[in-house]
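Residue numbers (the numbering used here), protein chains in the order written: chain A, 1 to 303; chain B, 1 to 239.
Treat the hints with care, since some could be wrong.
Said to hold, decoys possible - Far from chain B, by Cβ distances over 12 Å, these chain A residues were calculated: (1) A3; (2) Q10; (3) L28.
Said to hold, decoys possible - Pair by pair, the computed Cβ-Cβ distance ranges are: (4) N133/B with A180/A: 25 to 33 Å; (5) E16/B with E208/A: 22 to 30 Å; (6) A23/A with A76/B: 36 to 44 Å.
The hints are simulated quantities; they were obtained by calculation from the structure and are not laboratory data. Beta carbons are placed, not taken as given, at the ideal position from N, Cα and C, and that holds for glycine.
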Amino acid sequence: MSAWIVRHLQTLVGSLGRLSEHALATLLTTLVIGIALALPACLYVLVANAQVATGTWQRAVDLTVYLERSATADAARSLAERVRARRDVAAVELITKEEALKEFRSDSGFGASLDALADNPLPHTLVVRPGADYASAEHLEGLAADLRALEGVEVVQLDTLWVSRLEAILETVRRGALIAAALLAIGVLVIVGNTIRLDIQNRRQEIEVTKLVGGSDGFVRRPFLYSGVWYGLGGGLVAWLVTTGVVAALAGPVSRLAGLYESAFRIQGLRFDTGLALLGAGIALGWLGSFIAATRHLRDIEP
Amino acid sequence: MIRFDRVFKRYPNGREALSDLTLEIAAGEMVFLTGHSGAGKSSLLKLVALIERPTRGQLIVNGQNVAGVRRSKVPAFRRRIGMVFQDHKLLSDRTVFDNVALPLIIAGVGTKEIGKRVRAALDQVGLLGYEQNLPLELSTGEQQRVGIARAVVSKPDILIADEPTGNLDPDLSLEVMGIFRRFNEVGVTVLVASHDLYLIEQFPVRRVRLEAGRIAPEPQSGRGLDPGQLIDLEEAPSP
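Using the sequences and the hints given, assemble the complete structure.
If you want it as C-alpha cells, here you go:
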C-alpha cells in the first residue's frame with residue numbers, strides 16, 4: 001500500500017518535472033486553459049456583485065403614500081403607526097404637509113408663487129420603506145395594494161418596473177454565464193485532450209517499451225492523467241489571478257459609479273471558497289480531458 | 001513450459017509466418033532458434049510474449065493457453081516473461097537504474113526492494129556501478145547487457161531474446177550468450193533466436209531450425225557442423 005502511494009507521488013512529481021522540461025509549451029497551454037476558465041469566473045463575479053448591488057437598491061425602493069388632503073395631522077400619525085406595525089415594513093417616515101411645503105418652497109424655486117396660495121395644497125405623506133426580506137417586485141405590489149386599501153389614503157406611488165427589468169437582466173446574464181461556462185468547459189476538455197494526444201505521440205516508444213515489460217493500460221495512462229491534473233490546476237490558478245486582476249481594475253470605476261448613486265457599494269472579488277471551487281473545476285476538467293484522450297489513444301499503441 | 005501444437009500464424013497482409021508448427025520446450029531448457037530472416041523466428045517469439053496471437057492451433061505458455069488470456073490480462077502474463085531485443089529498447093532519457101527498475105515499478109515492488117534487485121541484476125550482467133549513467137553513455141554491448149538486466153530483474157520463468165547479438169562483434173556476442181547460459185543454469189527457460197551459427201556452435205544446447213514457418217530437420221545437437229554445411233545453411237537460397 002505504501003509502495004503504491006509512493007509510486008503515485010513519484011508519478012505526480014515526475015509528470016510535473018516532464019511538463020517543466022517544455023516550460024514554454026506548458027505555459028501556453030496553461031494560459032489558454034486559464035483564460036477559458038477566467039471568462040465564466042468573471043461573469044460569475046459580475047452576477048454575484050450585481051445581486052449584492054441590487055439588494056441595496058431594492059431597499060431603496062420606497063413607497064410614497066399620499067393621504068387625502070382632508071386628513072388631519074393626528075390621523076396621519078396614527079396611520080403611520082399602523083403601517084409601521086406591519087411585518088414587511090422596515091420604517092415609516094411621516095412628512096406632514098407643513099414640512100412638505102417648507103421643503104418644496106426651498107427646493108423648487110416656486111416660493112413666491114406658493115405665497116400667493118391661500119392654503120397649503122400639499123397632503124400629508126408617508127414614506128414607507130419595505131423590509132429587506134420583502135423587497136421583491138411581487139411583494140412590493142402586494143404591499144402597495146394593502147396600503148391603497150387603507151382609509152384616508154389617496155394615492156400610493158411605487159415604481160417596480162425597473163426592479164423587475166433589472167431582475168430579468170440579471171437572470172439573463174446568469175443564464176448566459178452558465179452557458180458560457182458549459183461551452184468553455186468543453187473547450188478546456190478539448191485543449192487538454194489534444195495536448196495529451198500530442199504528448200502520447202511523442203512518447204510512443206516509451207509507451208511501447210512499458211507495455212512490452214508488462215505495463216497495464218492503467219499504469220501507462222497514469223502519468224498522462226497527472227499531466228492533465230497539473231494543466232487543470234495551473235489553468236485554475238491563472239483563472240483566479242485573471243479574475244482578481246479584472247476585479248482590481250474595475251474597483252475604481254465601480255466605486256465612483258456607486259458614489260454617484262449615493263451607495264457605498266464596493267465590488268467584491270472571488271471568495272476564497274469560490275476560488276477553491278474554480279481550482280477544483282480546473283483539476284476535474286484537466287483530469288477528464290486527459291482521461292478521455294489517454295484511454296482512446298493508448299489503446300492504439302501496441303508493441 | 002512452452003508448447004506449440006499445430007500453430008499457424010497468418011498476418012493480415014496474407015503472409016503466413018508460421019504454418020503447422022509443433023514444438024515443446026521443457027521448463028529449464030535452453031533453446032536456440034535459427035533460420036533465415038523471414039523463417040518465422042520473430043513471429044514465434046512474438047506469440048510466446050503475446051505480442052501476436054496464433055491464427056490457428058494451441059499455444060501454452062507457463063501452463064496457460066494464450067487463447068484464454070484476455071487483453072486486460074496480457075500485462076500480467078508478460079510480467080512472467082523476460083524479453084531482450086536486438087535494438088535493446090532502452091529508454092534513452094532515463095538512467096540505467098530507472099530502465100532496469102521499470103518492470104519492478106510496474107509490478108508494484110517497494111522502493112528498497114527495487115534498489116536491491118536492480119543492483120543484483122546489474123551485478124549479474126557485470127554493470128554494477130553504472131546505475132546513474134544514461135544508456136547512450138554506454139557501448140552497444142553494455143546497452144544490450146542493460147536490456148538483459150531489465151529482462152531478468154523480475155525473475156521471470158521464461159527469458160526470450162530476438163537476435164540479442166545482432167549488433168555486436170563476436171567477442172561481445174560470446175559474452176552476451178554466456179550471460180544467457182548462466183541464467184539458464186539457474187533454472188530459467190531460455191529461448192534465443194539467432195542466425196549467428198558460429199556463435200551458437202559454442203554452446204551445447206538444443207537447436208531448432210525454422211524454415212518457411214516450419215521446423216526443419218536439424219543435425220543432431222551437440223555435434224559440430226562441418227564448414228561446408230554451414231555455408232549451405234547460410235548462403236543457400238531458400239526453396
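Going back to the hint list, which numbers does this structure go against?
Hints 1, 2 and 4 not satisfied by this model.
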